[in-house]
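Chemist: Each chain is listed here by its residues.
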Amino acid sequence: MNRDAIIRTLFVIPWLAAISVIGWVLIQRFPPSGTVAFDVPFDGSSAWMDPFLPAERTSSPGLQEGGWRGQRIYQDPVYTAARVPGVYDEVEVVLEFRPVRQTLIEFGILRDDASLSFDFQPLWFAPLQEEAWSPASSGLRNGFVRDGSSDALLASSNYQKLAVWHASSTPLAMRDERQDAEKTEVSLRGSHDFWALPSGDTLAFAFELQDSNRKKGRDTVVFHVMKNERIIHSDAVGIGGSQDEKMGTVVSKKIEVSGLEPGAYRIQVIAEDDVFIRSITTPTRRWVVGPRLSFGDLVGYRDDTQTGTAWSDSRHLVLETFHTEGLQTVAFGGDEVNVSRTHDAFQLDRTDTETIPQKLVAPVGDIRVIGDGWFAFKPEAFFAPHPRRITAWTDPDTEGIDAVVTPYMRPEPLEDGWYRGTVRFKLDPARDHSRFALSAPGLLTRAGAVDIRRVTLTYRRPPLSASEWFRVVRQEIANAWHRIKS
Amino acid sequence: MTSITFIKRFLLHCIWALSATVVVLFFMEFVIPGSVTPYADPLPWAVIAIAALSVDAMIRPIAPKRWLRPALGIALLILSLLTISTEINAWGRSTTILIFVMGLMIGMIVWFASGRNAEP
Numbered sequence: 001m002n003r004d005a006i007i008r009t010l011f012v013i014p015w016l017a018a019i020s021v022i023g024w025v026l027i028q029r030f031p032p033s034g035t036v037a038f039d040v041p042f043d044g045s046s047a048w049m050d051p052f053l054p055a056e057r058t059s060s061p062g063l064q065e066g067g068w069r070g071q072r073i074y075q076d077p078v079y080t081a082a083r084v085p086g087v088y089d090e091v092e093v094v095l096e097f098r099p100v101r102q103t104l105i106e107f108g109i110l111r112d113d114a115s116l117s118f119d120f121q122p123l124w125f126a127p128l129q130e131e132a133w134s135p136a137s138s139g140l141r142n143g144f145v146r147d148g149s150s151d152a153l154l155a156s157s158n159y160q161k162l163a164v165w166h167a168s169s170t171p172l173a174m175r176d177e178r179q180d181a182e183k184t185e186v187s188l189r190g191s192h193d194f195w196a197l198p199s200g201d202t203l204a205f206a207f208e209l210q211d212s213n214r215k216k217g218r219d220t221v222v223f224h225v226m227k228n229e230r231i232i233h234s235d236a237v238g239i240g241g242s243q244d245e246k247m248g249t250v251v252s253k254k255i256e257v258s259g260l261e262p263g264a265y266r267i268q269v270i271a272e273d274d275v276f277i278r279s280i281t282t283p284t285r286r287w288v289v290g291p292r293l294s295f296g297d298l299v300g301y302r303d304d305t306q307t308g309t310a311w312s313d314s315r316h317l318v319l320e321t322f323h324t325e326g327l328q329t330v331a332f333g334g335d336e337v338n339v340s341r342t343h344d345a346f347q348l349d350r351t352d353t354e355t356i357p358q359k360l361v362a363p364v365g366d367i368r369v370i371g372d373g374w375f376a377f378k379p380e381a382f383f384a385p386h387p388r389r390i391t392a393w394t395d396p397d398t399e400g401i402d403a404v405v406t407p408y409m410r411p412e413p414l415e416d417g418w419y420r421g422t423v424r425f426k427l428d429p430a431r432d433h434s435r436f437a438l439s440a441p442g443l444l445t446r447a448g449a450v451d452i453r454r455v456t457l458t459y460r461r462p463p464l465s466a467s468e469w470f471r472v473v474r475q476e477i478a479n480a481w482h483r484i485k486s
Numbered sequence: 001m002t003s004i005t006f007i008k009r010f011l012l013h014c015i016w017a018l019s020a021t022v023v024v025l026f027f028m029e030f031v032i033p034g035s036v037t038p039y040a041d042p043l044p045w046a047v048i049a050i051a052a053l054s055v056d057a058m059i060r061p062i063a064p065k066r067w068l069r070p071a072l073g074i075a076l077l078i079l080s081l082l083t084i085s086t087e088i089n090a091w092g093r094s095t096t097i098l099i100f101v102m103g104l105m106i107g108m109i110v111w112f113a114s115g116r117n118a119e120p
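Just so you know, the protein sequences line up as chains D and X, in that order. Under our numbering, the first residue of the first sequence carries the number 1, and numbering increases by one thereafter. Under our numbering, the first residue of the second sequence carries the number 1, and numbering increases by one thereafter.
One chain only, chain X, in its complex shape (with noise of 0.2 Å):
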């Protein structure tokens, strides 16, 4: 294994752990408000967490499936009327909650379905 191949893959993993820690706090937050966030506030790692998985999607080496870019596309529009609702806070934090980790599922689906089985 080259120094590149094995930097790839842990930053892969790193992703793909980020993304399943920040799954798993937004999971504990839905099911009991206040048990994660005036501890660490997941947001801001979880749009990492996606940005990494899209991007990681998009330049994987076998060519991308066709609803990839569409799917990113919607994935992006999620966040987008994320970061309305937390600023005019007019939807109820459960539901900012559920439709963020909707936008991190669609993202890590999206990820799986673009290379699962690809070699970095």
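Chain D with its partners taken away, still in its complex shape (with noise of 0.2 Å):
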């Protein structure tokens, strides 16, 4: 080979280099472990996640007030969106983050553009740090339970001292033994639903309805029986003439459903508010409201008034009347609250450190109360249809909480009240970028913020074999298809 033959050789470095950053970037879009992760410090300078927004809601990502990088949170729900680097199967975020004043925190990722559902994970709940509870598990529950309580609370229906976060417990297994029917008067106003266990095998509440023809037209009051949200039984019944003006008659609708298996039944009953049930008659023992109960008014049916009388284990009511007679001092358990002007809703906290329901009095009726648990009429019909949700205003200790169902991991604690949670979801192969939503209910209302500082983004999918890599290869085909023909 001559001296001209070898220099031309050298003419091909610049080639091979060309082909080497080619290959280089293909290799960053297709790497052969089928993992790739980011680390992103939070300070807004990354290609692959964005800050938090709107940003009125947030501080400008960089250089923050006490000397960190990241972005300050005050309010929620903020949101954010990464850039997926391919094709994966799964993401998992780890978060440094440092809550202040917030006791929970969740992050989610949008699972439905057109209805904005997200798909949340817990990420922080600040009883659990405490050294009083311990991770457990019983059979395929999982969960925290308090130091003293057996971790085989976890997977019972004991709703009293159970409660989940983003998760589903041991269903409820108890029926009542078949009785005689008993009436219980009632003014109940609008849509409710009713939380029963069967007598023997059968459902039957008998719900005598008074159409007040407050607003002219018939009214159709609608009934569901449900099982595990499923509905198993359906009826309707017309009340009130379509020219009706004055308090329609009294009208007897009966539901009845049998053979039914041990478990709690939801009766729903959809009406407008025109509608009143006046009583309820029913051989089940156990049955209660909830959340919603809204105490009507007798005007036109009696000349008294009717006292709101039930029984709760709600910790914290909302109250609220549309009517001058509705002003009145509602109690709950030791607590009251003076509802003093109508369309405003007013809020009973509990502060008491009692487990067992409450007597909650509305003495002239004609209210309408939401709580974050039910109501029964008597106290010995109350009885808890599912376990209480964790929020940010629950309290373990107060609320008699001891074990909770959740797939909660406790994040780990880093210097000066920093910590890392870690929170993984299923991807969808068909998206280019993932939107985030962090969510730290009462965050304003508690003056409080949530401080993020760095985001490692790990994306996963199985390694790179023959079939894998003709799976991602046409589903980038079918990307990109989709994305010039849009």
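Note that these hints are calculated values from the structure, not bench results. Honestly, I wouldn't trust all of these hints.
Quick list of the computed label-pair ranges, beta carbon to beta carbon [stated by the list, open to error]:
id: 1; chain 1: D; residue 1: G23; chain 2: X; residue 2: I7; range: 23 to 29 Å
id: 2; chain 1: D; residue 1: A480; chain 2: X; residue 2: F6; range: 39 to 45 Å
id: 3; chain 1: D; residue 1: A430; chain 2: X; residue 2: F6; range: 47 to 53 Å
id: 4; chain 1: X; residue 1: K8; chain 2: D; residue 2: F470; range: 42 to 48 Å
Treat the numbers as computed from the prediction; the structure is a model and nothing was measured. Cβ atoms here follow ideal geometry from the backbone N, Cα and C, with glycine treated the same way.
Can you join these two chains into the complex? Each is in its own frame, and there are hints to help.
Modeler: Listed below in structure tokens is the structure:
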């Protein structure tokens, strides 16, 4: 080989460099291990994850007061987006965060653009960080148990002591003995959800309904009997005349379903606020209403007033009346609130540490109550059809909660109040971006904050094999075609 | 082959390899947004490639074609528009990339047409 030929081979060098650059970019897109990770300092400089928005709920990303770099969140919810670096099945998000006066934080991924529905995962719950709680599992249920309580509580249906957080509990499997029907006089207005145990194998509820005709026209009341959110029986009744203007006649409607398994059943009564339930007759001994309970007035039905009385395990109530006749002082356990204005929501929070249902008294009725528990019209009728859900206002100590069923993993404590928490989500391989939301309920009320200083995104799919390579390339082509078309 | 000749030809290969690489990267970015730019920014390299191709076309030993200078002007105009567009962000990302690829292709056509067979 002469000298010129050897020299000419040097001309290959720029082309080898070009191929290397293109190959390097391709390997970033198609890593043979199937895993790629990005460590993102949360100062707005990363191409892989955007800062949280909207801006009025956050600080500008970058250097913050106190000398740390990242972003401070003042109000929830806030949203961000991450660029997905290819076709991946799962993303693991590791957040370095610092909660300031905030008990609960959840982090979620957008699942449906149209309905803006997010799949949230637990990220932080301050009470479960305490030493009195330990991670535990029982059967298929994982969670946390208070020291001194049995792990078996997690798999039980003892809903007085159990709470759930992004998990499901063991279903209730109870029924009442077959007994004679009992009538309960009530004055309930509009839609209500009743929860009941079957009497023997039968669920039988007879409602006396009345159309107040304050809004002209005939009303239809729809009934659904449901178990585990599945409708097993439906019925409807029309009440009131189309031209009636006075209080209509009382109509009786019986809902009866037989051959039922033990468990908690939901009887959903769907009606406009023009419809009043005047009495309920049932052989079931344990039945409750909730979370909405609307005591109606008696105008046009009777000349007196009917005190609204119920027993509830709720810790927090929101009360509202729409008539001046409904202005009153409402008592709940040892606490009370003066509902002094119409069309204004009044909050009533229990301060006691009682774990048994407390008596709620609305002296003149005519008030709508929304609680975080259930309501019974007799104390012995009370039962909890579901365990309580952990919220930002849950205090396990005062509410008698001894076990929490949850996939929550305690965040790893770092220095100066910082924590490292991990959440994982399945990914839609057709998406170029993942949209996330951070929820910290009550953040503004508490004047709290959530600081974020670093995020690590780890995307995973199976290591590249011939079949996996084919799947990934096919999905990339499909995504590219979809993008070009749109 | 003299040293000068070798260096000139080596540089030509570098320019052409750079241009081809940038075109491939831009095509990847156009088809799969985010497949290139988070790792490497090809825009500065595209500017260098177009400038080098244009300069090479102008200093070729044979007389340039009549349309060479207007073509170079068009290429530069497109680059100017591109710069403005990225500043004011009036165009979408795909449009910007497409225009840049077009500018690069014009530069390469000019380079070929102005003296493909000439020895530098």
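Chemist: All hints, please: hold or fail.
Modeler: Quick rundown of the hints versus the structure:
no. : hint                        : in the structure
1   : G23(D) - I7(X): 23 to 29 Å  : holds (27 Å)
2   : A480(D) - F6(X): 39 to 45 Å : holds (42 Å)
3   : A430(D) - F6(X): 47 to 53 Å : holds (51 Å)
4   : K8(X) - F470(D): 42 to 48 Å : holds (45 Å)
This entry satisfies every hint, going by the numbered hints stated previously.
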